[in-house]
Amino acid sequence: MRRAAPPARVPLQVFNRINTASDDVIFTDAYPAATFPGPFLTRNRREAARGGEGGGMGASAATARLAEREPIPEDDELWEELASGAAAPPSADASTAALCAALVRHNGTSGNFQSLLRRLLPQLAAAADARLSELQLQHACGAVHLLRSCLKHMIETVEPEDVVPHLSSGGDSLAAPLVEALLRVVAEAPLTDASYWLHRECLSALLVAMSTQLFCELSAGAPQPLLVAALSGSSPSPRRVVRRLLRHLIAPPPPPKRSDGLLRAVAEYAQLVIFLPWQLVTSLFRRAEQQPLGLAEHSLLLLLLLTQNLPRAAVGDEMESNPYLEALHELVDEAQGPAADPEQGESHALSFRELYDAIASRLPDESTLLLLYLLLHGNHDFLEFCLSRADSETLLLPLLPLLYDARSVRPNHLYMLLIVLLIFSQDSGFVSAAQSMMIASVPWYKEHILQQISLGGLLVILLARTVQHNAAHSQDAYVHTNCLAALANMAPAYKKLHPQAARSLVSLYDVLSRKYAKLCRYHEARLPLRAGATDEADELQLYDDLLRIALEMINVVLSTNLVHNEHLIYALLERQHIFGALREHEKVRDLLQNVDCVIEHFGDGIGRLADSEEQADSGDVWSVARVLEHIGALLRDWDPRRLQQFDIKFVYEQEATPEDFFTPYIWLLVYELSGIEWQEARFSLFTIDSKGGDAAEHVPLPLLTSVSVDDIHADSREDTDHSGF
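The sequence shown stops at residue 1008 when you use the working numbering, and every number in between is there.
No lab work stands behind these hints: they were computed from the structure.
Hints should not be assumed to be uniformly reliable.
No farther apart than 25 Å at their CA atoms in a straight line, the calculated lysine-lysine pairs in the BS3-like style are these [what the hints assert, rightly or not]:
1. LYS540 to LYS779
2. LYS778 to LYS870
3. LYS778 to LYS540
4. LYS932 to LYS870
5. LYS801 to LYS729
Label pairs and their calculated CB-CB ranges [said to hold, decoys possible]:
6. ALA384 to HIS663: 48 to 58 Å
7. ALA596 to ALA800: 20 to 30 Å
8. GLN734 to ALA413: 22 to 32 Å
9. HIS868 to GLN734: 32 to 42 Å
10. GLU617 to GLU938: 25 to 35 Å
11. MET602 to ARG804: 46 to 56 Å
12. PRO356 to SER451: 16 to 26 Å
For every residue, glycine included, the Cβ atom is placed at its ideal position computed from N, Cα and C.
Construct the complete structure from the given sequences, taking the supplied hints into account.
Right, dumping it as structure tokens:
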């Protein structure tokens, strides 16, 4: 799976070339179809756009004072010019980077970054309280963008402990006030066309503020005051923040439409275009079919970061739990009545139906699947709501093509998919409903034509197929165990299994038994395993466990629902020879007794070897229909008490240190999806392949078991279509 490439950097000098024969502005390739109405752009402004005598140089010079060594007094007119949009950074990308670099370099002496921050806080407070005009909102948006640019440069280039002085003023930290002000806008400011881009810029600023994690190892205790302030949830209410972010996901706010009023405002402040965030600029001059990164996507990314498991090295022992994660877990369905927030006196409820539909519509998107996991694992009410739905296929069906194509899915994504399936498989009602839910056809499944198959049967095929492919290629023990656990949990409900589902269960045993037998031979002969393998005893024990789970699962089906699974009986008779190799093996001998009993009873009259030469010579060919008829007749005489009873159940439990997996994974998604370009070469949390490889390969995953698996090419045997005995 290729890493999503960051979007191309939007040119900051939007007014690239001016047609001297008319009053229209000709834009760069980023906006090839956009024109600016002539009457709104005067000759002086055209010259200003060129950097000539229209005042552009003066504005740039004024803004450049921020980066000088001299501190700017609180009553200096520059602050008013910044607030009104009269001063702007230079209109070139390199110049903007140089401005940020100089500001950070000289800030120890000037303190101008802190001054800029202090001037911004009242603007954000006024925006949260809906006290700003449309033009003031645009100026506030530009100010946040400038602050975010400088803060990002600071985080990327300065050691974590050296960032702290830049966020302090007069002995007081400005980290918490900044984060709280940004969160207040996100959670409380009215969302209108005029404030849309301020919301968007505040979301991006919060992602940048928390990005100190990218440049620190997870176990490092480097100071990260912005991250700690964000995760503390002191203000505003974490419940309010979580609800607002989820509402953006449920009903994604559309970007504002272009309006002459806004165009006129930008024309009046043509020199300011660099000062505005590129999302606002491109929204004005974008082709109709081009869409900006939406609030819903960035709200989801911020929500995932806010609800991450606490990184203990960064936050210390002062925070016992994550208040945002608790708020997500405590959310209730508004259809069941409000749940009052004891501190804020407000309802902490959302429509679970709308949230369910929004998640289903976005699957199998990685960030959405991660949110679904957080809700299923921690919010019991939402899990019960999902399990009670009659349309469970709404969530599952978008995930199944991903499972079918598991080899092209990065491990992180596959893990989350399997865990979600495992959580669902723990509920017997859900499993029974899946077995009775019929699917007319599965067009994306290429190996066989699957028609009129139950959702549960399709899951059996896909999970068994994933185990076989994983054994042959990925060699991931976590995939093995989660697939088999989900299959085992569903086993008591297996009724009227589709022929291909029944054959998949038997083929799964075949693959695991041959690998186990091979390992046993290695172990007995004390031969070294192939280069790079872990201790052979550990690998042998792993496949011993996997094989027993597979056999116990088959035994559960045989002992509970044999009379409803003639196709499984057929599959056992069809491939009865594969059970002979381990019949005397002490580790699995007891688990093969039921299988032998079934084969003996239903094989009576057919012959022990369905493809024997005697049968072929006699011309007595057993067709599929004839064998099934024979099985049906013998089922009438079957006594289920002949079989040993088996019961097997698996429950998902989160790792003791889940942040080792989830924190790098969340940041990988933010890196790929946010549209913010970081200096990836400086990342410490994970590394990115500079040659364009899959970044997921480098994300540290929880070390479960290192497994060396010889290639198992069972597909040719599994996919052979036996038309009869």
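Status of each hint after checking the structure:
| no. | hint | result |
| --- | --- | --- |
| 1 | LYS540 to LYS779 | violated, 55 Å |
| 2 | LYS778 to LYS870 | violated, 29 Å |
| 3 | LYS778 to LYS540 | violated, 55 Å |
| 4 | LYS932 to LYS870 | holds, 20 Å |
| 5 | LYS801 to LYS729 | violated, 31 Å |
| 6 | ALA384 to HIS663: 48 to 58 Å | holds, 50 Å |
| 7 | ALA596 to ALA800: 20 to 30 Å | violated, 46 Å |
| 8 | GLN734 to ALA413: 22 to 32 Å | violated, 57 Å |
| 9 | HIS868 to GLN734: 32 to 42 Å | holds, 39 Å |
| 10 | GLU617 to GLU938: 25 to 35 Å | holds, 33 Å |
| 11 | MET602 to ARG804: 46 to 56 Å | holds, 53 Å |
| 12 | PRO356 to SER451: 16 to 26 Å | holds, 19 Å |
Checked against the numbered hints listed earlier, the structure breaks hints 1, 2, 3, 5, 7, 8; every other hint is satisfied.
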